[in-house]
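Colleague: What follows is the residue order along each chain.
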Amino acid sequence: MTKRSDDMHIINIVTRNSLRVLQRISGLFSRYSVNIDQMSIFSGHDGLSYFSVIVYSDDHSVQKLTNQLHKIVEVCDVRILNHKHF
Amino acid sequence: MKINGAQAMLESLLAENVDVVFGYPGGAILPVYDALYGYRDKIHHVLVRHEQGAVIAAEGYAKSSGKVGVCFATSGPGATNLVTGIADAMLDSVPLVCVTGQVYSTLIGTDAFQEADIIGITLPITKWNVQVTRAEDIPAAMAKAFYYAREGRPGPVVVDITKDAQLGLLEEDFAYQLHQPRKEKVLKCSDMKFIEIADILNNAERPLILAGNGVGIAGAEDELLKLVDKATIPVACTLHGLHNFPSNHELFVGLLGMHGNYAPNIMTNRADVILAVGMRFDDRVTGNLTKYAKQAKIIHIDIDHAEINKNVKSYMHVHADAKYALTNLLRYVQPNKHQAWRELFLKLHQEEHEQVIVPELTMQKDTIRMSQAVNMVSEKTDGKAIVVSDVGQNQMVAMRYYKFNQSKSHISSGGLGTMGFALPAAIGAKMANPDREVICVSGDGGIQMNIQELAVISQEKLPVKILLLNNNYLGMVRQWQEMFHEERYSFVDLHNPDFIGIAKAYGIKGSTVSDPAQLEAAVDEMLNSKEAYFLEVIVEKREKVFPMMPQGSAVDEIRLS
Chain V
220 MTKRSDDMHI INIVTRNSLR VLQRISGLFS RYSVNIDQMS IFSGHDGLSY
270 FSVIVYSDDH SVQKLTNQLH KIVEVCDVRI LNHKHF
Chain L
584 MKINGAQAML ESLLAENVDV VFGYPGGAIL PVYDALYGYR DKIHHVLVRH
634 EQGAVIAAEG YAKSSGKVGV CFATSGPGAT NLVTGIADAM LDSVPLVCVT
684 GQVYSTLIGT DAFQEADIIG ITLPITKWNV QVTRAEDIPA AMAKAFYYAR
734 EGRPGPVVVD ITKDAQLGLL EEDFAYQLHQ PRKEKVLKCS DMKFIEIADI
784 LNNAERPLIL AGNGVGIAGA EDELLKLVDK ATIPVACTLH GLHNFPSNHE
834 LFVGLLGMHG NYAPNIMTNR ADVILAVGMR FDDRVTGNLT KYAKQAKIIH
884 IDIDHAEINK NVKSYMHVHA DAKYALTNLL RYVQPNKHQA WRELFLKLHQ
934 EEHEQVIVPE LTMQKDTIRM SQAVNMVSEK TDGKAIVVSD VGQNQMVAMR
984 YYKFNQSKSH ISSGGLGTMG FALPAAIGAK MANPDREVIC VSGDGGIQMN
1034 IQELAVISQE KLPVKILLLN NNYLGMVRQW QEMFHEERYS FVDLHNPDFI
1084 GIAKAYGIKG STVSDPAQLE AAVDEMLNSK EAYFLEVIVE KREKVFPMMP
1134 QGSAVDEIRL S
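Chains as they are written, first to last, in this note's numbering: chain V, 220 to 305; chain L, 584 to 1144.
What the hints contain is simulated information worked out from the structure, not anything from laboratory work.
If you're wondering where the values come from, they're calculated on a predicted model, not measured in any experiment.
Heads up, some of the hints might be wrong.
As the list claims (entries may be wrong) - In silico lysine-lysine, DSS-like type, Cα no more than 27 Å apart, as pairs: (1) Lys650/L - Lys290/V; (2) Lys766/L - Lys290/V; (3) Lys768/L - Lys283/V; (4) Lys880/L - Lys283/V; (5) Lys290/V - Lys727/L; (6) Lys896/L - Lys303/V; (7) Lys880/L - Lys813/L; (8) Lys893/L - Lys222/V; (9) Lys283/V - Lys874/L; (10) Lys768/L - Lys290/V; (11) Lys930/L - Lys874/L; (12) Lys303/V - Lys222/V; (13) Lys906/L - Lys813/L; (14) Lys283/V - Lys766/L; (15) Lys283/V - Lys896/L; (16) Lys290/V - Lys893/L; (17) Lys809/L - Lys776/L; (18) Lys930/L - Lys986/L; (19) Lys991/L - Lys906/L; (20) Lys303/V - Lys893/L; (21) Lys906/L - Lys290/V; (22) Lys896/L - Lys290/V; (23) Lys967/L - Lys650/L; (24) Lys771/L - Lys290/V; (25) Lys283/V - Lys771/L; (26) Lys906/L - Lys768/L; (27) Lys906/L - Lys283/V; (28) Lys727/L - Lys771/L; (29) Lys776/L - Lys893/L; (30) Lys283/V - Lys930/L; (31) Lys283/V - Lys893/L; (32) Lys283/V - Lys776/L; (33) Lys986/L - Lys650/L; (34) Lys768/L - Lys963/L; (35) Lys727/L - Lys585/L; (36) Lys290/V - Lys963/L.
Work out the full structure: start from the sequences and follow the hints.
Modeller: This is the structure we're talking about:
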């Protein structure tokens, strides 16, 4: 898959730190056919987990995926950065 | 007094006012069933014959009552047998709490007997799911489960409880607190937005309302009626929206979708403003999206933000509950007439009436048509029964010919299209509505997918009426093969058993009718029966359902033949 820099999105997700939350998040990416290019996660001392996911996909697909991410009960916040932010 | 986890789970159900559950016992949920023995007078447990029957019965219960449906299953195969029903509830926004037993927490991950990772399996088809491994966590998990099953757009929740958690004693006295999220989402919209939307509706020349399942879930049937009466806007309904608006209302223009009515489908592509309420622009409703209502300003009201602009781009949207949105909109819409616009619907409806409805309902000498049977039941029950349809031609015909005039009356599997849905769902609907007539409309294919549940009807003495439309074919698949696959009838011919013999073996009265002259007497006998009744109607073998919008075509390319 070619990576067009215009398609790059950084999706920052904050979730409550619970079992399976990674599976819930990554499951949505695969369901919406958005390939994860890079992902880093760390769990804070505040009981929250911080995800930073880099994907190469069009705005519409990322928006649709993000709308679904918001529906995961454990998700507290989702922010998207795209090429316009850089 | 110290209670164990299983008792705590049942106490949680009582705290949530649950008095009916559907389930099937097994090894890993034995402690729950042991505790249930002591709760027999408070919780009515309906013993199904297959776990799929339990979850679908819970759906029928929930859809026909607005309450949360509850079902129990054991670990492993018990839990995996729930999967189809859970996926069905997810697509049709049905509030369910499914409690599954799980192997001892010490055995998880050891491939223990009847171990399945049901949390992993149901992750993409539940609103939320959780595994509980300690007794003291059960009340909070149950409270959260009920909260998420109901909250916003309802859906299914799975609570998987290990056997040791069911057996363990709670450290403290049982206390149940309704789940309260730290930040409750309050969905509101400014008055300015409602004024702006009302303005668009007031200035519309050709407005159309599309009413969906959300209208009924929000309990907004009256608000919709008031809005429609005030602004005089034609209303078309989706499959799940059908019972949310009276079919005898002069502004009701029919059913949307692939086998919906002619007028509303065509007029979708002529309207200048479309107000979509609690519906999600499913592909069966929209047909080809690139040719869907491009001329119209679409105003979308939905409680699920992910539905806004998902399939169809809206001009404006309200992210809120339908009742709240319609109540506010009602304040600002102006009385209107739209006379010329409404006449166009009548003209198209007349075409459908002459070319499809009249010929279908005209009795022939030798064979009965599905539509004739459903139409007769509709007339004789005055549109007041709960009609639970299966999937396929029987479902389309039930929708088209049963004239609903009461909400929570049309129970069907819309999103997932689960064959075998009707019989168990009818059991659930009857449990929730003992005073209403419940009619299960099924085909010969679908009925055999959960036919074992006839035993429940018999055991619970439920006076459910079963109308089997038997064409000895998988009729809808056959119709597609005839129309789009050069009549290559690949594996759709069913060699069926003696259905009445089966019903009788389960202790259910029944009869078969194939002569059109006998149909009325047979329907009367079914409806007059005080107990369950199985009426098999042998219908025309090669009947096709029309109108039809072939897959990939636009809404206004719907065909009458």
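Colleague: Now tell me if each hint is right for this structure.
Modeller: Structure-based check of each hint:
Distance check on the hinted pair: Lys650/L and Lys290/V sit about 22 Å apart at the alpha-carbon level, within 27 Å; holds. Of the supplied pair hints, the one linking Lys766/L and Lys290/V holds, its CA atoms being roughly 14 Å apart against a limit of 27 Å. A distance of roughly 20 Å separates the Cα atoms of Lys768/L and Lys283/V; the hinted pair therefore holds under the 27 Å criterion. With a CA separation close to 21 Å, the supplied pair Lys880/L and Lys283/V stays within the 27 Å bound.
In summary, the hint linking Lys290/V to Lys727/L is supported, as the alpha carbons are separated by about 15 Å, within the 27 Å threshold. This hinted pair checks out: Lys896/L and Lys303/V have alpha carbons roughly 23 Å apart, not beyond 27 Å. A C-alpha spacing of about 21 Å is found between Lys880/L and Lys813/L, which places the hinted pair at or below 27 Å, so the restraint holds. Pair hint Lys893/L plus Lys222/V holds up; C-alpha atoms about 25 Å apart against a cutoff of 27 Å.
For the proposed pair Lys283/V and Lys874/L, the alpha carbon gap of about 21 Å is at most 27 Å, so the pair holds. At roughly 12 Å between alpha-carbon atoms, Lys768/L and Lys290/V fall within 27 Å of each other, so this suggested pair holds. Note on Lys930/L and Lys874/L: the hinted pairing holds, with a Cα-Cα distance of about 23 Å set against a maximum of 27 Å. Of the pairs offered as hints, the one joining Lys303/V and Lys222/V holds, with about 16 Å between alpha carbons and a cut-off of 27 Å not exceeded.
With a CA separation close to 16 Å, the supplied pair Lys906/L and Lys813/L stays within the 27 Å bound. For the hint pairing Lys283/V with Lys766/L, the CA-to-CA distance comes to about 24 Å; that is within 27 Å, so the pair holds. About 12 Å separates the Cα atoms of Lys283/V and Lys896/L, which keeps this hinted pair within 27 Å; it holds. For the hint pairing Lys290/V with Lys893/L, the CA-to-CA distance comes to about 14 Å; that is within 27 Å, so the pair holds.
Distance restraint check for Lys809/L and Lys776/L: the Cα-Cα separation of roughly 20 Å lies within the 27 Å cut-off, and the hinted pair is therefore satisfied. With a C-alpha separation of about 20 Å, the suggested pairing of Lys930/L with Lys986/L holds against the 27 Å cut-off. For the hint pairing Lys991/L with Lys906/L, the CA-to-CA distance comes to about 16 Å; that is within 27 Å, so the pair holds. Between Lys303/V and Lys893/L the CA atoms are separated by roughly 23 Å; this keeps the pair inside 27 Å, and the hint holds.
Restraint check for Lys906/L and Lys290/V: the C-alpha separation of about 21 Å stays at or below 27 Å, so the hint holds. At roughly 20 Å between alpha-carbon atoms, Lys896/L and Lys290/V fall within 27 Å of each other, so this suggested pair holds. With a CA separation close to 20 Å, the supplied pair Lys967/L and Lys650/L stays within the 27 Å bound. The hinted pair formed by Lys771/L and Lys290/V meets the criterion: a straight-line CA distance of about 18 Å does not exceed 27 Å.
Between Lys283/V and Lys771/L the CA atoms are separated by roughly 22 Å; this keeps the pair inside 27 Å, and the hint holds. For the proposed pair Lys906/L and Lys768/L, the alpha carbon gap of about 16 Å is at most 27 Å, so the pair holds. Distance hint between Lys906/L and Lys283/V is fulfilled; the C-alpha atoms sit about 26 Å from each other, no more than 27 Å. For a cut-off of 27 Å, the pair hint linking Lys727/L to Lys771/L stands: about 24 Å separates their Cα positions.
Taking the CA atoms of Lys776/L and Lys893/L, the gap is near 21 Å; set against the 27 Å cutoff, the hint holds. Taking the CA atoms of Lys283/V and Lys930/L, the gap is about 40 Å. The hint is violated against a cut of 27 Å. With a CA separation close to 7 Å, the supplied pair Lys283/V and Lys893/L stays within the 27 Å bound. About 24 Å separates the Cα atoms of Lys283/V and Lys776/L, which keeps this hinted pair within 27 Å; it holds.
Annotation: proposed proximity of Lys986/L to Lys650/L holds, straight-line Cα distance about 25 Å (limit 27 Å). About 46 Å separates the Cα atoms of Lys768/L and Lys963/L, which puts this hinted pair outside 27 Å; it is violated. Straight-line distance between C-alpha atoms of Lys727/L and Lys585/L comes to about 23 Å, which keeps the hinted pair within the 27 Å bound. Note on Lys290/V and Lys963/L: the hinted pairing is violated, with a Cα-Cα distance of about 45 Å set against a maximum of 27 Å.
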